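Enquirer: Fit the two chains together into the complex; they arrive one by one in their own frames, and the hints show the way.
One letter stands for each residue in the lines below.
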Amino acid sequence: MSTSIAPRVTFARVVRAEWVKTGTVRSSYWTAAFALGFTLLFAAGILYLVLLAPAADIPDPAAIVTENYGATPSVGVLGLAFMFAYALVAILGVLTVSPERATGLLATTLAAVPRRTPVYLSKLLVSASIGVAIALVLGTASVLIVQPALAGLGLDSSFFDPEVLQSLAGGMVFLGLVAALSTAIASLFRGTAAAMGAVLGLLVLAPALVPIIPGIGSSLAAALPSSAGMMLFQSAAQVGWQPIATGGLVLLGWTAGAAVLGAVPFKRRDV
Amino acid sequence: MIEVEHLTKRFGATTAVDDLSFTVRPGTVTGFLGPNGAGKSTAMRAIAGLVLPTSGTTRVNGRPIADHAAPITEIGTLLGPGAVHPGRTARAHLLALATTHGFGRARVEEVLRLTGMEGVAKRRVGSYSMGMAQRIGLAAALLGDPQTIVLDEPINGLDPDGIVWVRHFLRALAAEGRTVFLSSHLMSEMAQTADHLIVIGRGRLIADAPMQQVLGAVGATRVSVKSPDADRLAAAIAGPDVTITSEAAGELEITGLDAAAIAAVARDRGVLLHELTTRTASLEEAYLSLTDAALEYQAVPAAIR
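Protein chains in written order, with full-length UniProt numbering: chain V, 1 to 271; chain F, 1 to 305.
The set of hints was computed from the structure by calculation and includes no laboratory data.
All values derive from a computational prediction rather than experimental measurement.
Even glycine gets a Cβ: it sits at the ideal position worked out from N, Cα and C.
Each hint should be verified, as a subset may be incorrect.
[Unchecked claim] To be clear about the criterion: a stretch of chain V counts as covered by chain F if any three or more of its residues have a C-beta under 8 Å from a C-beta of chain F, and this derived list gives those stretches:
id, stretch
1, 7–17
2, 20–31
[What the hints assert, rightly or not] Computed from the model, here is a short list of chain F residues facing chain V with C-beta under 8 Å:
id, residue
3, ALA92
4, GLY116
5, GLY119
6, THR278
7, THR280
[Said to hold, decoys possible] Across the chosen pairs, the derived CB separations fall in these ranges:
id, chain 1, residue 1, chain 2, residue 2, range
8, F, LYS122, V, ALA151, 43 to 53 Å
9, F, GLY119, V, ARG268, 37 to 47 Å
10, V, GLY45, F, GLY116, 44 to 54 Å
Chain F extracted, bound-state conformation (with noise of 0.2 Å):
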């Protein structure tokens, strides 16, 4: 569990994050979203207790992060692939890291065992491709076994493999009832892997919904037909809530009405039917219709909560 409470935090004369409130919840992978420079970084860091808010607060699993005797088996933090000394080996790293909370060689060989990594350990990190240190720094997170995780662009520079991995390893996270808080600019990948999203701009609180309703809110579900006899099924479905377009001859684009309630009304009026899809806002489309609000009115945090 995290909470945000009114984190506020100015570089300067910066606001980087501006009054943001919000919880994730274990159980769930919660995707943070926003514009380069909205702030998700510095917000993340304020979790970890790196970055020292300007005002305002941040809990891990119900407390400080300071005030735990055992940070890293409450909080598991991967914030950019930079942080390790690339003059040390893989299992030296996560060794010194280890010996802070008195935790053993053991538990260094499971999580590099964990994360793939043992066929690499022994060489020094500065060697290592973008995908190996995102693999150490998911092996530093995992160390301590944490209940919550917290991860700033996991998937930048791994491989197909290692995305579906992570993604399958987030969601076991999350179902074992661990709190799971990761962000990334790979929407297709975010839609996927999280079930709630948290989405900010310009450091403020935009959207913090689960993702079905975050699509939900952009365009109503749209179904496309594909008919001989559109002309026919139009005037059968015809109604003050349905809407209906055709782009083409036989095509049809219908929203007040779902696929099973037109093959209903089709199968009444003996109408084939070639093509009755339901097509939802795509992630991609939502963020932008989201997040453009907000660049261009410099909105006060919308509606969807």
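Bound-form chain V, shown alone (with noise of 0.2 Å):
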């Protein structure tokens, strides 16, 4: 044996496994690069075209910034950055591991950690740090980005302002949710493709579609896991904080859900 160490399983262990396997394929980096990338153009990017259009075309730019991206535009900013993000760190989530299973890589990694469970939850884990880790990213860029341009109108405001603090730590809780929701539900389908189309029906179908229903509607859409956990990063401000912490259980209740309901074919199901 060449380790001194014995060689034993432990929860760190196999989260520290889990990690090796999301950095050794290339699609978790193509997902969030691409996550970054289309996410900045858009969010960072439409303020720019604002500001690049002929003066005769908008004769106020710093009304129309306002107008859309709210008094404090740095939190506007973040609130589209996160609105575009959350879709693929949905599908980096379900990436966590849907593929495993589709590739039969499930059988190898539960042969080595039979007890199963620790597998599941470093899923979990690793895939909610994703999430919060491109989110803080995510909106540190976004902010940064547009900082010159809104000092140019004479409406930046600092990154540590606690408005555009609240709202990153909250688009980092949302999207950390968000992701280990989607890990969570992925574990209930045999294939990727049926893992997707539940999770970006959920995420993404419903919120659009739902409110359409007569009467009901618009009160079952705030209950949805996307609807609800955007007000997360809502500035408390602006909006106060109790919708905040009511989005933010509702989204945290979904996902606990799920955790649990996915731990039972995760746990149960042949390899």
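Expert: Below is the structure:
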């Protein structure tokens, strides 16, 4: 044996192994890079489009910006960034678990860790961490990119403005929970396509379709995980803490429920 | 050591494994034979903890696999060449597996060297031939230096060099006192590798016996003789327990006497022999006759025990 430390499965080691797996396939990098690039392009690009337009078309750019991005445009830009990014983060969440089952790799993993629960929890944890990290990088980059443009209009706010920090922190919680929720839901399905359909259906399609239901549609829509969770990165100074807390708890409830539900087939299903 | 006790696995209406019990002992290579769909892979996956039994138990080195603190040091498994992500390199695949048990990169390099994979370890698995994919599976099985090794069709897709290498490797592992359990459809290869056989059909045990006993049970050992004096020899060795048949002039097929006894009679009578060959039934014949019976009569496990 080449190691002096006794070989033994521990939760920390299983988590580390999941990180090794995530870090050694290209799809992780592609999806993350795409999420970052795409989001920055939209969130920051729109603002620059406004600013680059001929002065004749937009006589008062500052007014247009505050109209579209709110009184603190940095927070508005963050909000746009998280709204663009969450679908891609959901895809990353699915990719944490589904291809492993589809390729048969799960047999290798579970033969090494036959108790299975540590593997499932590690996947949720790694997925959530990736969501949080993407939100942090994305949010920081968005704010820093739009600062010079906003400064030109006299609308800039410090990166350390409590409103900006609160929105960034809320976005980190939002994308972390979205990623974990996606991984948990994906664990219910054998195939990647079915998992992707269910996750994107619930997180992206449902918020667009549910409000159409007459009568109860709008109240139902508020209970959907992504719609509720988006309250997390609103500015407390503008909407108050109560809707932020409610939205966060709804998303947390969905995530916790899906995590418990997804654990059952992960633990019981033949591989 | 692998102990399977009253293992039953149903998939819906299909019973893949039906009240199967056997023990695979250390220090031997045990072959696992049976027709397609007999339940071999299901039984092997149940041993590895991947298929959860409908009823019955499986134990590896005395305990259910999930109760071991370091499962890959107890049992190494190769359960088909597919259990890898095609986008990951062989080195990264093994590193992820090693990390779960706290093994480092050094051990990964060791098994890559052991399986002859160092040269291609940085290529992504999707670009591998089937033989190379099998070698990664073997490397993964050996990673924890396990006492028990379970290999489902390990030589599928390997080139002749690879097959010989696997044979010698498995024999060496058994000689070190480890438990080696493998399935294969290549009877000639199994005949050269295994000491003991477990044969199943329709999920039930057909035979669990040493290789020699399985071969012996099919047809008694025959001796073929070629001699210009065949008739005189036949007369001299005839007896109540001896059966002699002749397909052509000067040729005899004898059962009931071994080659040594026939040679002694030939010398005493001054009969010239051109050929004296002991013929045992091949594993293929033995296997076919065992599994035919199981398929035709849906037999209750037969009697070679």
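Enquirer: It remains to establish, for every hint, whether it holds in the given structure.
Expert: Results for each hint:
| no. | hint | in the structure |
| --- | --- | --- |
| 1 | 7–17 | holds (count 8) |
| 2 | 20–31 | holds (count 6) |
| 3 | ALA92 | holds, 4 Å |
| 4 | GLY116 | violated, 18 Å |
| 5 | GLY119 | violated, 19 Å |
| 6 | THR278 | violated, 44 Å |
| 7 | THR280 | violated, 38 Å |
| 8 | F:LYS122 with V:ALA151: 43 to 53 Å | holds, 47 Å |
| 9 | F:GLY119 with V:ARG268: 37 to 47 Å | holds, 41 Å |
| 10 | V:GLY45 with F:GLY116: 44 to 54 Å | holds, 52 Å |
Hint compliance for this structure: hints 4, 5, 6, 7 are not met, and every other hint is.
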